[in-house]
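A.B. asks: Listed here are the chains, written in short residue letters.
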Amino acid sequence: MNAVVTANGLTKAYKNSLALNDVSFRIESGRIVGLIGPNGAGKTTALKAILGLTDFKGELNVLGFDPRSQRDQLMEQVCFIADVAVLPRWIRVREAIDFVANVHPRFNRAKCEAFLARTKLTPNQRVKQMSKGMIVQLHLALVMAIDARLLVLDEPTLGLDILYRKQFYQSLLEDYFDENKTIIVTTHQVEEIEHILTDLMFIRDGKIVLDTDMDTVGERFAEVLVGADKAAAARSMKPLDERQVFGKSIFLFDGADRATLESMGEVRRPTVSDLFVATMKGTYA
Amino acid sequence: MNTFFWLLKREYWEHRGGFLWAPVVTGGIFLILNLMAIITAEVLSARHGVRIGGNDIQMMMRHADAGDMAQVGAAADVAMISSMGMIGIVMGIVVLFYCLGSLYDDRRDRSVLFWKSLPISNTSTVLSKVVSAAVVAPVIAVVVSIICGLLQLFMFAIVLSFHGINVWQLLTLSHPLRAVGSLLSNVPLYALWALPAIGWLMLCSSGARSKPILWALAVPVVLGLLVTWFGIMGLFNLPTAWFWTNVVQRVLLSVFPGSNLVFDKHGFTDMSGMDDNNPLMYLSPAHTYGLLASPNLWMGVLAGALLIGGAIWFRRVRDDS
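Going line by line, the protein sequences match chains S and W. Each step along the first sequence adds one to the number in our numbering, with nothing skipped, and position 240 is 240. Position in the second sequence (from 1) plus 1000 gives the number in our numbering.
In isolation and in its complexed conformation, chain S is listed as follows (with noise of 0.2 Å):
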């Protein structure tokens, strides 16, 4: 396989604060990569240095181009939607299709008429008009009639109903992704997306503190239910988080011994979310 983005020691200070504190990191093709991170860890940053959109110090390779100096021809591979509403309140959905359409070579209206025929959208309506959700169904639909090796997600349903939500993903793996795609996303509604994620990657601080993929994270990490009696043992072992339901306390254990973590009690695999809580630990604090 080969790599899409490849990063050795990025960095990016901003006037008093390090936003990425030399990172190294690399995607493969045909992933979808959960970015996931506290507010403030570096993450839309990490996004921005790939997409050229901002300066950095270290190496950065995208698609075998260097966003910085390559970024023109790099925007021909590469799409991306950031947050919610970035489209000129302005512009009609006529209007956005016809420039996308000639400015854009991999761009195909076909696709595109199809998706927004499935929408309530019409030709002539411009965005200023449209709801939130509307707004993202317009960009998707553009973004997924253009065929790019790398899709950029940052936080793409902030704000969206839950129809839009699922809706929007939902519409990403059954239209839009395959093996020749890679999607980065970055979202703070875990749950999600969890079950569509490929790879996972936490980001605090400006630093990487999770790199991984989605069945290493089911050997990796283990979830057991104890009860007060195994209690003191489990706590021995070490466990990155420890919490109480029912009376009975779930520790959740990085790299523990499967069989020894089934005598305590029952084991399952944690869900993304209690993962990042337990790793984010004191972030705010």
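Since the hints were made in silico from the structure, they are not lab data. Just so we're clear, the structure is a prediction, and the values are computed from it rather than from any experiment. Please note that a few of the clues may not be correct.
[Claimed, not checked] Straight-line alpha carbon distances no greater than 16 Å define the calculated EDC-like cross-link-like pairs of lysine to aspartate or glutamate that follow:
1. Lys166/S - Glu194/S
2. Lys248/S - Glu219/S
3. Lys128/S - Asp1109/W
4. Lys1211/W - Asp1105/W
5. Lys1009/W - Asp98/S
6. Lys1211/W - Asp1109/W
7. Lys281/S - Asp241/S
8. Lys166/S - Glu191/S
9. Lys230/S - Glu262/S
10. Lys1009/W - Glu95/S
11. Lys111/S - Asp175/S
12. Lys181/S - Glu28/S
13. Lys181/S - Asp147/S
14. Lys132/S - Asp1109/W
15. Lys166/S - Glu179/S
16. Lys128/S - Asp1106/W
17. Lys230/S - Glu266/S
18. Lys15/S - Asp1105/W
[Said to hold, decoys possible] Selected chain S positions facing chain W (in silico; Cβ < 10 Å):
19. Gly52
20. Leu53
21. Met75
22. Phe80
23. Pro88
24. Arg89
25. Phe99
26. Thr212
27. Asp213
[Said to hold, decoys possible] Label pairs and their calculated CB-CB ranges:
28. Trp1298/W - Pro123/S: 41 to 49 Å
29. Pro123/S - Ile1158/W: 36 to 44 Å
30. Ser131/S - Met1299/W: 46 to 54 Å
31. Ile1158/W - Lys128/S: 38 to 46 Å
32. Ala117/S - Ala1305/W: 42 to 50 Å
Where a beta carbon is used, it is the ideal one built from N, C-alpha and C, also for glycine.
Chain S is fixed; fit chain W onto it per the hints.
C.D. replies: For chain W alone, kept in the frame of chain S given last:
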């Protein structure tokens, strides 16, 4: 090239109100005002029993000599180009605010993130906005004022025909084609002349984190005051006024069409000896293109190019959205 055409089209879509409707509405108001003036004149003359029309005018025309006829033609020509004055001022205002917002508004509403997600270089984006301000807006304004002028001419012709004057004779005395040509010939000149102002306003628009208009006004004015206060121009053996005329006014007011006639002394040099019966002379290329010999113009073009280069650089590095 195709991409650039669509970039221009995008600017037009976004600014149709300023580029097209502002001149159209101005032209409409201009025509209505003229119509009201004509009606008032007709009503007044009818009420006071003054017969300015009818057989008297016919008689006047019959007795008019060639010089008088030329004056009638000149009046018709002035009628033809006069709407350009009003439309030009409105267009200047439109271009001024267009430039100030051109690289700032999309950063403010964050839609710059959408534009930057497309494979378009910052250079073509900025240049498409320069061309919109320097060429697209003036061409539309000139076309609108030509249509307006023709309507105006037509209106006068109809009114006079009620008084028994041959419309065709009047029209043959005027020079509509030459008027159209002269107006159009001024567009390239305007583009060159306005370049330093367009460049400066767009640089502010591209660089300012907020309130580009403050930067655009404050920097040249404060510089001007400093220059005046410390008498810096004295070092170059130039009067202080030189700075105000050639820098401050050039970077702010050159977007107004015709400002070259006011600011550039060169434009006035050979105005004496002009034929009063030929008002189109003032707009004809033979007269206006004398500006091409003026260093003021070319220094401005050079400064404009540098400022636009700065605007492109800012467009690339500003990532505050």
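A.B. asks: When the structure is checked against the list of hints, which entries are broken? Sort them ascending.
C.D. replies: Result: hints 2, 15, 18, 26 and 27 break, sorted rising.
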